[in-house]
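Colleague: So the chains spell out like this:
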Amino acid sequence: EAGVVQSPRYKIIEKKQPVAFWCNPISGHNTLYWYLQNLGQGPELLIRYENEEAVDDSQLPKDRFSAERLKGVDSTLKIQPAELGDSAVYLCASSSRGVRYNEQFFGPGTRLTVL
Amino acid sequence: QKEVEQDPGPLSVPEGAIVSLNCTYSNSAFQYFMWYRQYSRKGPELLMYTYSSGNKEDGRFTAQVDKSSKYISLFIRDSQPSDSATYLCAMTTYSGYALNFGKGTSLLVTP
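Here the protein sequences line up with chains Z and S, keeping their order. For the first sequence, the numbering used here begins at 1 and goes up steadily by one. For the second sequence, the numbering used here begins at 1001 and goes up steadily by one.
Chain Z on its own, in the form it takes in the complex (with noise of 0.2 Å):
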């Protein structure tokens, strides 16, 4: 079964730039996740999508930062204007809905660097 797919894996753009990143769910898991990963930090949740309804958008910048999840399978994040601060990994994650625990499956996520 593949895993979560990501792309780019790495992305280097210049301060004020778009950027998107993309990711490819397990097939048939509804939830998708977006989280954020600083440099020496956890993952940080940014939003999750039921299907394609973004449920918790609450720590997501939403002055830069866009989401969206077209017929409930692929997502797409992006900022603009990305800033200095940006820089991190951004990983996709995506889970079935269980009777009480959902197990989060990871991406290799995106590196993003803001120069």
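These aren't lab readings, by the way, just hints derived from the structure by calculation. Since the model is a prediction, treat every value here as computed from it, not as a measurement. Some clues are possibly wrong.
Claimed, not checked - To give an idea of the interface, some chain S residues facing chain Z are shown, with a C-beta separation under 10 Å as derived from the structure:
id : residue
1  : 1034
2  : 1077
3  : 1080
4  : 1100
5  : 1102
We put the CB at the ideal spot given by N, CA and C, even for glycine.
Given the coordinates of chain Z, work out where chain S should sit on it, guided by the hints.
Modeller: Relative to chain Z, chain S alone:
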């Protein structure tokens, strides 16, 4: 203060040693406790999860949860160089989806 505290290390041990990794937390609503392993430039992968208090063993790995002390541990027996990675604790409430992670502890097992 963050809800989950974890010493970032780094921790260096010789091959074959017993490794003890720990986290403390402040939110008494947390019910699921997880340990993830993250190799360099990879995403986190789940090692073990425990519901509520108690112990759980899986091969060389043992997870312990003490809810009365708000303290969780991961023990690695007979550590191998391939265990060298960052270990992240994570936890969530009974009905929660968002994982609350510690900073991660960097472990190096030397041959």
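Colleague: Each of the hints needs a verdict: does it hold here or not?
Modeller: For each hint, the structure was consulted:
no.	hint	verdict
1	1034	holds, 9 Å
2	1077	violated, 24 Å
3	1080	violated, 23 Å
4	1100	holds, 8 Å
5	1102	holds, 5 Å
Hint violations for this structure: numbers 2, 3, all remaining hints satisfied.
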